[in-house]
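Chemist: So the chains spell out like this:
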Amino acid sequence: MSLYATSHAAADPIEPRPLIEGTQTDRSINDSLLDHVWRGAGRGWWLCFSIALAMFGLLIISLTYVVLTGIGVWGNNIPVGWAFDIINFVWWIGIGHAGTLISAILLLFQQKWRTSINRFAEAMTLFAVMCALIFPIFHTGRPWFALYWLLPYPSVQGIWPQFKSPLVWDVFAVTTYFTISLLFWYLGLIPDLAAMLDSSRSKLRRAVCGIFAMGWRGSGRHWDEYKWAYLLLAGLSTPLVLSVHSVVSFDFATSLLPGWHTTIFPPYFVAGAIFSGFGMVLTWMVPARQFLGLKHVITMRHIENMNKVMLATGLMVSFGYLMEHFIAWYSGNAFEFSVFYRVRQRGPFAPIYWLMISCNVLIPNILWWKKARTNLAITWFVALLVNVGMWCERFVIIVTSLHRDFLPGSWGGYAPTWVDICLFTGTIGFFSTAMLLFLKFVPAVAVTEVKELRHEMAHDSATAAAEGH
Amino acid sequence: MEGFIPRRFVVAEFKTTDALLEGTRKMRDKGHAQVDTHTPYPVHGLEEALGIRRVRIPTLVLLAALTGIVVAYSMMWFMNKVDFPINVGNRPAHAPPAFIPITFELMVLLGGTTAFFGLFALLKLPQPYHPVFEWDAFTRSSVDGFFLSVEVPAGEDPSDAANDARIVGAADVQVIVEPER
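Residue numbers (my numbering), protein chains in the order written: chain C, 1 to 469; chain Y, 1001 to 1181.
No wet-lab data here; the hints were simulated from the structure. Fair warning: there could be bad hints in the mix.
Below 27 Å or equal to it, Euclidean Cα-Cα: the simulated DSSO-like pairs (lysine-lysine) are [to be verified]:
| no. | chain 1 | residue 1 | chain 2 | residue 2 |
| --- | --- | --- | --- | --- |
| 1 | Y | 1015 | C | 227 |
| 2 | C | 227 | Y | 1026 |
| 3 | C | 112 | C | 164 |
| 4 | C | 295 | C | 308 |
| 5 | C | 370 | C | 308 |
| 6 | C | 203 | C | 112 |
| 7 | C | 308 | C | 371 |
| 8 | C | 370 | C | 295 |
| 9 | Y | 1030 | C | 164 |
| 10 | Y | 1015 | Y | 1030 |
| 11 | C | 203 | Y | 1124 |
| 12 | C | 203 | C | 371 |
| 13 | C | 308 | C | 112 |
| 14 | C | 440 | C | 203 |
| 15 | C | 112 | C | 371 |
| 16 | C | 112 | C | 295 |
| 17 | Y | 1124 | C | 227 |
| 18 | Y | 1015 | C | 112 |
Which residues of chain C face chain Y? A few of them, derived with a C-beta cut under 8 Å, are [what the hints assert, rightly or not]:
| no. | residue |
| --- | --- |
| 19 | 23 |
| 20 | 27 |
| 21 | 163 |
| 22 | 167 |
| 23 | 173 |
| 24 | 194 |
| 25 | 195 |
| 26 | 198 |
| 27 | 216 |
| 28 | 219 |
| 29 | 253 |
| 30 | 256 |
Here chain Y is said to cover these stretches of chain C; the calculated rule only asks that three of the stretch's residues, wherever they fall, bring their Cβ under 8 Å from a Cβ of chain Y [to be verified]:
| no. | stretch |
| --- | --- |
| 31 | 61–67 |
| 32 | 71–84 |
| 33 | 149–161 |
| 34 | 182–193 |
| 35 | 222–231 |
Every residue, glycine too, gets a C-beta built ideally from N, C-alpha and C.
Chain Y on its own, in the form it takes in the complex (with noise of 0.2 Å):
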């Protein structure tokens, strides 16, 4: 394939959560802008040490559910208020407290499947191929492995990276070029 540049990642593996935690701090404090970390459940600290400031998820879901509740009043008033009044014994073809529960339900359907669907848009999932499992060493990253990732820009030299790695405490280290497919 022509134009194919290959994806640079320095993989490091560290022996346990905290000194994964101290590496991470360190490789950022090094410069190393496209740091990332791969653990078997989620590590207290860890998003602290990759920098994260914002989780951007609990503001799509407010924003969905929200929307469901619109939804859910608008479409109940204009059917059976505007379009279609059912008349049952005289009651009133727009009742507000027998509107509550259909709106409550959409909130939580439209509030939840955004917290599902919305979180694999965020995280760019499903995306079955990642460089890093090149790395046999990193099927232990879902088990009982602590690793570190981190890109190596175009033009630099990805020894620096896995040097860097080494300093900070990683007890393997390995460079993966993206092969071409």
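Bound-form chain C, shown alone (with noise of 0.2 Å):
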């Protein structure tokens, strides 16, 4: 039996739903991949659009406000001396992780079901990344100096960096991830832009597509050290991405405060990340497959692999919740038990608390189920509340240990002012724009790989057929 479902296994009951929908060629996907790309914007992108234009264009306002004024303007303050900016950037840094996931380590276990929603991922990956990045360089305060304390370069002081801290790590982290991540995205595109060059007839797009796509011309020769570049590309990739979450989670780790000192932190991030990644392209997913005509390529089959990833992470995130709260108790240490059995669930964070645990613990595990995984309403509310739950985990990590640690005399309280409210929903805004424009002029699915699967498909069908299977 063949491992990849082939076009006429959907009637089959025993056969997994097919990768690729109905009776297709080079051609016909070509076309319908590329289609959305050619077509213009229709009302329903302009209305889209525009609102995450004027949220983005809030991004704008309060960024300036908060370099024109400093960031004192922003509510945190001592005892609590992080919050949304560490729990944006860490909330948004993790929704990155799915592109990587998805693009690199399923490319690894040659999971086939990858290849019509890596670019689309990826590209997610690089948005996000975008967006945790304005929180670090921003908190600064004046990031026209940030290069000059974070990257080690001979300056006039004669200091340099302290390698030992975390947050050193974090820089190198995160800027080789957003590297790596953008050539690897732009590697696989290649081939589509020669594609999308020689399907175009208009001049303009001709020259933008000939730009980019380098002169592209399918060599053989080129193929195959092509093939090798993207497999080591992704095999840099797989720990690449294990470690950024886990640096990210070695900013708390290495505290002594309670609720961060411990070391199930760096797995359970990774999971946190990739469970709230997977919530990110399951929420644009589910609508834009719609929108754009590509449901022969992101069919059922993928909605629901993407389910179970979002299931099984989730219940590692579960598996860390309990592991936190066991140890917190285990170890007899007061300070750690009290913030995780008084503080976070009945301190003035509580509602916090609870919603994490619903929208982390409780409602994914609808998903056991093949009928809500199978439901796009059931999908997509999940995956939005998974977005929902997962920031308020960061909040609940980063506020409820700072604000009550050791000394009664030093608790305090935290609310973030205006200007963090609409510094976080501007990110919200940017991210969207960037995903609208990005599905307006760049094919949403890689057609050289979805050909490549097809041909693969049939090729196997082919032999199953002459073998007599």
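With the hints as a guide, bring the two chains together.
Modeler: This is the structure:
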């Protein structure tokens, strides 16, 4: 039996759902996957785009205000010295992780279903990392000096970064992550740009695609090196993606604060990152496949598989919560116990804690049922709630631990200011603007890889037929 | 322009990947050295049919990754141990475990950027013009066509290669002489 579902298998209840629906040729895949790039923007796109752009405007305004007045306009203050800035940074970085998981890890595991969704998820990674980077850069107050503090270059002060600090590790991890994700995304895009160049008739489009396609001519000698470069980038990205959120978690885990000082943080952060990333991918993909006419390549099987990953990583996150609570009790440490069993569950931010538990621990369990996994409305709502839940998780970790530390005398409160809220809304606006532009101008599905998959599937079923299976 | 010697190519289209594979093998058997193929996606078996033995990119990436490790570690050791030790809580200035993350990241950064830029250096891209683009039908090579190209050495008649291409099963054959620009 073929490992890959073939187009005729749709009617067979034992065979899995197909990865490419209908009878397709290279030409039909090419035309249907590039169609959304060629056709003009519809009214729906303009509506979404103007809302996104308005929110993006909010980001520009609030960032300008922050730079002109200083970061004192944020709500964080002693004892809550970290708040929205770091919450949003960790949240956005985490969202990016799904893209790399899909494009690199699933490639190494030879998961054929990654093919239709990797381009989309990788683009999401890039924009999410950009959103994340806004916060650490602007929290320096004078971002034009940021390079001066962050990177090791021979300055007149003669002093170097402290390489034993996880915050410096973060600088290297996140910039590497962004660079590699960008190169990986672009490398995959090159053959598609060549296909766009050759399928387009407008002079302007041909010029733009021609510049970016760099004269790719599908040479057999080139493909051979190309496949290796792609595989090596995947091989390098796989440990990279695990390292990025581990390093982010070290920012917390290496401190002594109750609720932060725990060895479970790196794997638990990585699982949470992938969980929230799949949440964001599904939030965008469920409507996008509908409006861009991609239902034949992003099938219910893809949606179901993504739901399964979301369920699995959600369970890992739940296990992380369980272990944190267990260790807080088992260690006999009064401060840890107090943070986990009093402050978080019954303190002033208890509603956010319980929202986190509902969204991350309880609700995803509906995905145990196939009916829920294959229902688009349920999928979309669960995905959206996962995004909410994971934001709450970062809030709970960061703010609740800080506002009740060892000495009752140094306890305090926290409330975000309007600037915090505008900045956060603004990054969502920037992300949405960038995603909408991406969906308008770049093929959202890796055309070349889908053609290759179709070719493989056709070849396999032909071989299977010849062997009489 | 003086001294312009046009490159000449014979480009042939095949209907299926299997026909292309067989055609490529046979063209090389017939003694054509400069054979290349142009397909919209990588076709399994082509590297063998083209007689490619070694892929160079993994070696480059390995060297770059090792360089990344050495550069990162020696940089941190020099800056934090030799040039300006920062004493925080009397922890050692040279702290191998704390140097691991950045060593790893720079390994990935150098390895990854080399995989990307090294690839283009090896493939001699960007190269917006290539004589094979002269044939209008060649636009299918990135969509759904399977092409073979032979660069005809100076002094040889391109019609020989064109005939050979027809014999090995090409559906359509075109001789391209690079125009002077």
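Chemist: Hint by hint, which ones does this structure get wrong, listed from lowest number up?
Modeler: Hint check: 3, 6, 9, 12, 19, 22, 29, 30, 31, 32 fail, others pass.
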